[in-house]
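First residue of the sequence shown: 1, per full-length UniProt numbering; consecutive thereafter.
By construction, these hints were calculated from the structure, which means they are not laboratory data.
Computed from a predicted structure; not experimentally measured.
Glycine residues also receive a C-beta, built at the ideal position from the N, C-alpha and C atoms.
One or more hints might be untrue.
To be verified - Estimated spans, in silico, between C-beta atoms of each pair:
id, residue 1, residue 2, range
1, Phe616, Asp741, 53 to 63 Å
2, Gln233, Phe616, 51 to 61 Å
3, Ser58, Glu543, 34 to 44 Å
4, Glu543, Lys213, 53 to 63 Å
5, Lys926, Val421, 40 to 50 Å
6, Asn582, Tyr980, 38 to 48 Å
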Amino acid sequence: MLENFEISENYMYRKTLLGMEHYTQIFDHEQLDDDEYLDRLVRFVQQQGLIDSIYVSSPSTYAALQSLEQGRTLKSKKKRNLILSLSKFISRAICRPTPFGLFAGVGISRFGKTGGAGEHVVWATPDYSLIYRLIGLFHGDADVRNELRLSVNNTSYIDHHRLVISYQTLFAADQEERSTENISILKTPVIDFIMKILDKEQQTFLQLMQAIKDAFGVDDTISTDFLQQLIEQGFLVSEMIPNPRDTAPLEHLIRTLKLLAAPKAAYYSDILERVGQAIQDITVAAVKREGIEAVRKLVQLILPDYQGDLVKIDVRLNQVNEILLSDSDRQSLAQIASILSMLSTYRKEDTLSDYRQQFTEKYGVYEEVPLLQLFSKTLGLGKPEEYKSHYQNGDKYRHKDEGRFRQLKALIAEWQTEALVNHSDIVLDEVKIQQLSELSLENVHVSFDLYYSCMENEQGEVTFYLNNRAGSLEACQSFGRFAYMFDKDSRDEIFNFVRNPKDQKAGESGAEISFYPFSPKITNIMTAGPTPDQSMDMATFPENRKLDVSQLLVGVEDSGYFYLKHRETGELVFPKLSSMYNTELAPYLIRFLNDINLQYQTGWSHLEEYLYDSSFTPRVTYKNIIICPKKWTLYADKQLQSEEQFLAFLEDWIIKYNIPRYVYLVELDNKLLLDLDRHHHRKLLHKEYTRNPEGKAAVIMETEKELFASANRYMEECVFFCKSPMFQYLPIDRLSAQATDKSLNKVLSSSVNAVYYPGSDWISLQVYYNQEMLTDLLGSAFKTFMDNSAEYFIDQVFFVQYADKEPHIRLRCKMSGSVEHQRFTALNYVFDFLNTVTSSGLVSSYSVVPYRPEILRYGGAAFIEQAERLFAIDSYLVSGYYAGKRSINATDQMLFCCTGLFEVVNCAYPLAEDQLKAMAAIIDPKKFRQEYREHKEALFQRIQQTRSISLPASDTGDRLWQYAAYFTAIREADDRTNYYDDIMFSIMHMFCNRVFGLDREKEELALHLCYYSLEDYLQVSKYHVAY
1 MLENFEISEN YMYRKTLLGM EHYTQIFDHE QLDDDEYLDR LVRFVQQQGL
51 IDSIYVSSPS TYAALQSLEQ GRTLKSKKKR NLILSLSKFI SRAICRPTPF
101 GLFAGVGISR FGKTGGAGEH VVWATPDYSL IYRLIGLFHG DADVRNELRL
151 SVNNTSYIDH HRLVISYQTL FAADQEERST ENISILKTPV IDFIMKILDK
201 EQQTFLQLMQ AIKDAFGVDD TISTDFLQQL IEQGFLVSEM IPNPRDTAPL
251 EHLIRTLKLL AAPKAAYYSD ILERVGQAIQ DITVAAVKRE GIEAVRKLVQ
301 LILPDYQGDL VKIDVRLNQV NEILLSDSDR QSLAQIASIL SMLSTYRKED
351 TLSDYRQQFT EKYGVYEEVP LLQLFSKTLG LGKPEEYKSH YQNGDKYRHK
401 DEGRFRQLKA LIAEWQTEAL VNHSDIVLDE VKIQQLSELS LENVHVSFDL
451 YYSCMENEQG EVTFYLNNRA GSLEACQSFG RFAYMFDKDS RDEIFNFVRN
501 PKDQKAGESG AEISFYPFSP KITNIMTAGP TPDQSMDMAT FPENRKLDVS
551 QLLVGVEDSG YFYLKHRETG ELVFPKLSSM YNTELAPYLI RFLNDINLQY
601 QTGWSHLEEY LYDSSFTPRV TYKNIIICPK KWTLYADKQL QSEEQFLAFL
651 EDWIIKYNIP RYVYLVELDN KLLLDLDRHH HRKLLHKEYT RNPEGKAAVI
701 METEKELFAS ANRYMEECVF FCKSPMFQYL PIDRLSAQAT DKSLNKVLSS
751 SVNAVYYPGS DWISLQVYYN QEMLTDLLGS AFKTFMDNSA EYFIDQVFFV
801 QYADKEPHIR LRCKMSGSVE HQRFTALNYV FDFLNTVTSS GLVSSYSVVP
851 YRPEILRYGG AAFIEQAERL FAIDSYLVSG YYAGKRSINA TDQMLFCCTG
901 LFEVVNCAYP LAEDQLKAMA AIIDPKKFRQ EYREHKEALF QRIQQTRSIS
951 LPASDTGDRL WQYAAYFTAI READDRTNYY DDIMFSIMHM FCNRVFGLDR
1001 EKEELALHLC YYSLEDYLQV SKYHVAY
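Use the sequences and the hints to build the structure in full.
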């Protein structure tokens, strides 16, 4: 039934800084006109010290308040807008615990612990908009720039005649909020010169400029402008750029400036030290806005035109939670996590599925290639097609098992309809949970954060209200954004719940994805400061890096997972994000790294996602937990755009659906508490309603029933960290040994010819066939082509069947002629054949493509030619089998395939005991037993025949001789690039592919029949029983 999920003993809580009693004090009043109501709101804002909060979060609203304070008369429309804005701000300050400036704070608590209201601490840090501009300033100031040491961007790579950087972040005033990727410049002799110098040792801007001047005879202006452009465009990075995880980037700028000799650097560092002190003063200042204005005046001494954000403000709560949460609560919350994991329809096969297929077709599952080059269209694959569109934030797992999704939706629709008919809640009892479990995934491997409003009634009982608009992709990500405010022990205790460092193994490590987003606003919400993982730093100075992304290789192992490996150490690297950063809009490199991590997760979903749209949606409960609150939907209507018509409609709608007085207006993860007895709140609802385009609904949600109970002094939300029993932070056990074995060489040497283009010794073609005539093509047509190929200077021919976007055959021909007329003769023969089979209807179309041999899969460069000879022999054998056949007898086809497989395994392992042991790794002993009994006698005859055949002494054209020679060479090699058994299974798979095409079920059956035949053969041989 329910998985035994674990909830961390520690949890994060978020709480408003204004008490709930203020809500009724400010909004529970007799009807007032606009002037009276505005005056009431303004006085409340002043009395409760909300002016600073508004100053930090909404400069436009603050400006309107200033105009009012200065005695200026507001026009009617501006006055009404100010009323609505202040109403929203006050409601948010009282009722929404999501941290935002000075409205709410964050703390850490523990099950079984309780505390008082306690104090809170304001944390003020430089906004990254300011940090970006300061970096741009220092890069542009010659006095400072000339002394800065430079390095080549570590996300750069050489793509033929161009230098490419994977993504671009501009530290400049005109920074656009967009991601520019795979930017390149021509790889000129000057670029080569710069890269060679910087590869040897670090150089200052001035040193590098002088070296260019001396080497190429250019004047100072040309060399200066050229280097300046390389810095501005991101090809070179300076020591001025701090590590993205640095908790004190302003201090890094100051330290760097102090190391420089230029008087201008001393001036800048002095100003920044004063800026830093002014920011620190904000944390204890009674009036925060005065401190921020002091910062602005100092900044404008060096950035006179700067009008951007200066300070990022967070609030840390120092005491544990006031509400006592018990071990029983913890157990119930764990059960909810298990239920939500049952609702996942995610399949890891769908994450980057097309890209994975492209990767394996080009490189196979045994080659590892440089990560940075993967998105190059010429060196790698280009960007994934999946990244050309963006998904909604709510689509945590972007792909679904549609069959399971429909089953779950149908089941939950039954519950919903029953609840609507009976005017009742949907109560998740044992029966319903059993129904869910019957549709749930096996081997749940997931961790995530869940958000709950926690309310205590007068009797001290706690009710949890699940936030259906929030959650994370991995546990503890919600904490990462605020981790910098807490001490190391607290951070480690939180992060280690999901990391579980005691279970980590040698040869694996987590790496925090660390980079500067194109927008400083995004940088503000990234994790700052150290997490237990090393950082995977990009586009930073070498001294500020930990793990260098340029050293990473990417591969796909045979169970279908992408993985990363460090080129030098062979260590497996698992990319991590410890913040809630949405990578949908990130550079492709960052998004790909995050998707590598997500592919290991089996996912989870909110139950609300399965409820069908309705004017009213019932509540869903489990024990003391509200999984989904009641909801009412107000659909957009052009006729209700006017305030008068809307308010009249709203009155009737409230009565018709029995809408309670207090409700939330919900939009994405925002909730606005409204009192529908108040005229101004109804007007506020109208304003929000008219913002919706026609057809989009306004969603009204019930509030917590204990909302105004005296026990709940503040609105509070708890974030619980959850993980399944099988969850591994570094899921090395989900990877095959082929990916984790350091002894295998999986990187091709640059001297190895890894691809044959048209015009080389090989010609490779994709042949798209007519399905109903496939046997004729594989049989008579191909056999005739192969029979005559030698006289047309073609040495080898083999074929493989592929699925790709549509089924086709890949035909590969190796030309033996070395002079031009021989090549011409061979090509004419190939194309004459293709034109003939096309005109006859066997083939619909064909195209010439490069041939990329799977060198590493078949043992390495020393063995690929032998493997290709085997492919040619097997292709001829299969064509001969199909030649002349008008129809295919399934039994005869299966026996033919099994005979070929018996011969392969005999050559790989002479002893039947060894054959059986090797094949046991890919066999499920419960499958295909009945099919074996039906073919047992015929199979036994075939296995006896194959084992009685002696290998010829020197017939190099014989299939068995070639196989024996190949496996002997592989077995004796010390430097093969794949496991011996995997090579054998790959050969067997390709033989099945030629016989059965893309039918993997028939292939699986054939392998099981061979295994069961070997079992019986050994039994018979052991006891000398005549069959």
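Status of the given 34 to 44 Å range, CB of glutamate 543 versus CB of serine 58: Taking Cβ atoms as reference, serine 58 and glutamate 543 lie about 40 Å apart, which means the hint holds.
Range first: 38 to 48 Å. Now tell me if the beta carbons of asparagine 582 and tyrosine 980 are that far apart. Roughly 45 Å apart at Cβ, these two residues keep to the hinted range, so it holds.
A range of 53 to 63 Å was offered for this pair. Does it hold for the Cβ distance of phenylalanine 616 and aspartate 741? At roughly 58 Å between Cβ atoms, aspartate 741 and phenylalanine 616 fall inside 53 to 63 Å, so the hint holds.
Is it true that lysine 926 and valine 421 lie within 40 to 50 Å of each other by Cβ? Given about 44 Å between the Cβ atoms, the range holds.
Cβ separation of glutamine 233 and phenylalanine 616, checked against the hinted range 51 to 61 Å: holds (56 Å)
Just to be sure I understand the hint, the distance between the Cβ atoms of glutamate 543 and lysine 213 should be within 53 to 63 Å; is that true here? Roughly 27 Å apart at Cβ, these two residues miss the hinted range, so it is violated.
In this structure, only the earlier hint numbered 4 is contradicted, and the remaining ones agree with it.
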